[in-house]
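**Student:** Each chain, written out:
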Amino acid sequence: MKPLTVNFRDKAASTLKDKQIQQSLEHVYTGFFQGRLAAAGDTPDWNELRTKGKAIKDHTIAHLDYYLEQLTDNVEKNGGSVFFAEDAAEARKHIIDLAHKRNIKTVIKSKSMVSEEMGLAEAMNDEGFETIETDLGEYIIQLADETPYHLIAPAVHKSRKDVAKLLDDDFKEGDPVPDATELTMMARKKLRSVFERADMSVTGVNFAVAESGSIALVTNEGNGRMTTTVPRVHVAVMGMEKIVPSIQDLSTMLRILIRSATGQRISTYVTMINEARKSDEEEGPEEFHLVIMNNGRQKLLANPQMRESLNCLRCGACLNACPVYRKIGGHAYGWVYPGPIGSIISPVLTGLKDASNLPNASSLCGACHDACPVKINIPRMLLELRWRTAEGSTGKNERTSSYNERRIWGLWRLGMMGRRRFDFGARIASIVLRPLAKNGWLKKAPPPVSGWTSTRDFPLVASRSLKSRLHKRDRKAKP
Amino acid sequence: MTDNTTNPPRPDRVTLFASCMVDQIAPHIGERTVDVLEYLGIAVDFLDGQTCCGQPAFNSGFRSEAYPVAARFIELFEQVEGPIVVPSGSCAGMVRNHYAELFREDPTMVERASIVGERLFELTEFISRFFGNAAITGRLESSATYHKCCHLLREIGVNEAPVEMLSNIDGLNMTPLERADVCCGFGGAFSVKMPDISSAVLDEKLDNIEATGSSTVIAADTGCIFQMQGGLRRRGSAVQVVHIAEILAESLINTSETSSLN
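Chains as they are written, first to last, in my numbering: chain S, 1 to 479; chain A, 1 to 262.
To be clear, the hints were calculated from the coordinates, so they are not data collected in a lab.
Accuracy of the hints is not assured; some may be wrong.
To be verified - The calculated lysine-lysine pairs, modelled on PhoX-like cross-linking and capped at a C-alpha distance of 25 Å, are: (1) S:105 x S:278; (2) S:54 x A:193; (3) S:299 x S:353; (4) S:105 x S:17; (5) S:17 x S:443; (6) A:193 x S:19; (7) A:193 x S:375; (8) S:54 x S:299; (9) S:172 x S:161; (10) S:472 x A:193; (11) S:189 x S:17; (12) S:165 x S:19; (13) A:193 x S:396; (14) S:2 x S:353; (15) S:105 x A:193; (16) S:161 x S:189; (17) S:101 x A:193; (18) S:278 x S:11; (19) S:476 x S:443; (20) S:11 x S:189; (21) S:165 x S:190.
The model shown is predicted, which means the values in this text are computed figures rather than measured ones.
Could you build the full structure based on these sequences and the hints that come with them?
**Tutor:** What follows is the structure, given as structure tokens:
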């Protein structure tokens, strides 16, 4: 998928004005966010589980080469194939070539963010393979020709009416809007025949277990199980970080992932796949292929400051917790991964220069860090990336701060390096701004705070500092 | 009197770190902080050389500008002993959590920062820890709600202590704030660089504030106070946003007036 991170400000501004999307985004808080809180509250050892989850991921990422090799060996031992794709193009080509070789007509997909990174469905459709998303949200997004709005709820911004229009060509303005069950039945009816004719499936991987060569899929609609059972060829795609060492670790990770994602204790389906159909079995695909993609992840791995971002389980908890995501929505982030996690990985995976707004679009409130099931310190990494955009700390070509901005912070430092200058600067500001103020507040302030006064009043600098006031107080106390 | 058994030995002398915004924009918050501390029997020292902890530049990514300012902060506060109290969770979080990042190439500075950081307390954290949440039992007739500032809540870990403190003030009618722990949208330079997003986050906060029907919002960080008050003023609302030090101090004045009448 082509990064459009550079359009951040325009996209954010248009979403802020969209009343319907603003209303839809409320569900992210009242549904997912509060659901997670309730599930966490019911889990007595919740914090210990998160600590354990973090330890498992830290360990796995630190020994990623070892576990990738073990995973590969075990998948192959189980009769599957493994392909390492350096980037999205290589992954696409491999899967399309395979589809040609196996004479595939119809491909069904279950939800996978990595396949979004590859732009796989679009590429396969262009290649002449009928490629259909089977996750309801993804299906809606595919019909709308959009990209996912949320990691686990791709169509969260769509109203029921929007969905009705997409699913029913005859739907007219003013028609009664079907309820969620009716809409699901409409989609189910359309998808059923696709399932029947599909001869290849593409799924994501929630976790790959190195010691057994199994993959685990977490779904609620049952489409994941259908997808991995009916077609004769199954291709699973994963980012190279989506690995856990053992089945025991998997059980820990599933507990924190599912609670953090939807607030469920367990999802409706947890599917474990070890291999293709055995000779004595009646059902299941004939072939199993695992595609493991790098696509820039090596850059995250190689950078000790950013490595922790590879611990991400893609649960979406940070999006739900984020006051900024809940206002500007998913498309503003301009690439596959929205929200706080997107703001730290997209700049590294797609290039910081065009994505420099992302790490800056945060109040650093820390709600994402609090919500993360593996305690990823997202604010710390946002600050790291801000340093790179402000000062070009890891390369001047990444610096996107303006000359004026740099000059302001330079002046700020001068002002803060001595008390007399600090007081002098403040008194000048107080005197200059006083004529513009009413009751100690400014309706309109000059740059650099003019942005503030576009929507809020700004407080006037005091005529005397605290230091001066306390000295006066001391004199009063000791006459 | 407060139950003393659960609290560590009480300091009788502290150094105030005002924070740059309190010092120059809202000095009355600094004065009320001194009032509250003095009521608790603490002598308050003020280092005249103080300016800023460096957080504004650090959070904006300008670490080379933040570095000398933060180093200056450490040098200044190393000159005195004992606890340092700051009426801001955000500044406390900067020193205690982020100095280690800022100075990470210099282990000596990290160590020095950590020693100063261990002595630094946010105001309500300090009161709660050494004097208990029931140390101040003044009187103030008002209706108010409490907003949980992000850095105090998540970086310093002070959650319910201020709420409990406020519940001990006679006559103060506290209404819980819906989504009290959701950010007000301030975020330092973010509020200036991306004003429309910052204000959209603020609007949700202000709607929740107005829904409480309270005349006052109490918070514990100056930036958040400016953000919320600035937004309320622009809405034409009469709701006042005040620092918790102002409420605590004011409640004590009322008590001392009452006692002098008796």
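**Student:** Are the hints correct? Go through all of them and say.
**Tutor:** Each hint, compared with the structure:
1. S:105 x S:278: 24 Å, holds
2. S:54 x A:193: The given pair, whose Cα atoms are some 34 Å apart, is violated under the 25 Å limit.
3. S:299 x S:353: 15 Å, holds
4. S:105 x S:17: Since the Cα atoms of residue 105 (chain S) and residue 17 (chain S) sit roughly 43 Å apart, the hinted pair is violated (cutoff 25 Å).
5. S:17 x S:443: 23 Å, holds
6. A:193 x S:19: Holds: residue 193 (chain A) and residue 19 (chain S) sit about 24 Å apart, inside 25 Å.
7. A:193 x S:375: Between residue 193 (chain A) and residue 375 (chain S) the Cα gap is close to 28 Å, so the pair fails against 25 Å, i.e. violated.
8. S:54 x S:299: 20 Å, holds
9. S:172 x S:161: 10 Å, holds
10. S:472 x A:193: 38 Å, violated
11. S:189 x S:17: Outside the cut-off at roughly 35 Å; violated.
12. S:165 x S:19: Judged against 25 Å, a Cα distance of about 19 Å means the pair holds.
13. A:193 x S:396: 22 Å, holds
14. S:2 x S:353: 15 Å, holds
15. S:105 x A:193: 51 Å, violated
16. S:161 x S:189: Holds. Residue 161 (chain S) to residue 189 (chain S) sits at ~18 Å (cutoff 25 Å).
17. S:101 x A:193: 53 Å, violated
18. S:278 x S:11: Given pair residue 278 (chain S), residue 11 (chain S) is violated - Cα atoms ~50 Å apart, limit 25 Å.
19. S:476 x S:443: 36 Å, violated
20. S:11 x S:189: Status violated; Cα separation ~34 Å.
21. S:165 x S:190: Given that 25 Å is the threshold and the Cα spacing comes to 14 Å, the pair holds.
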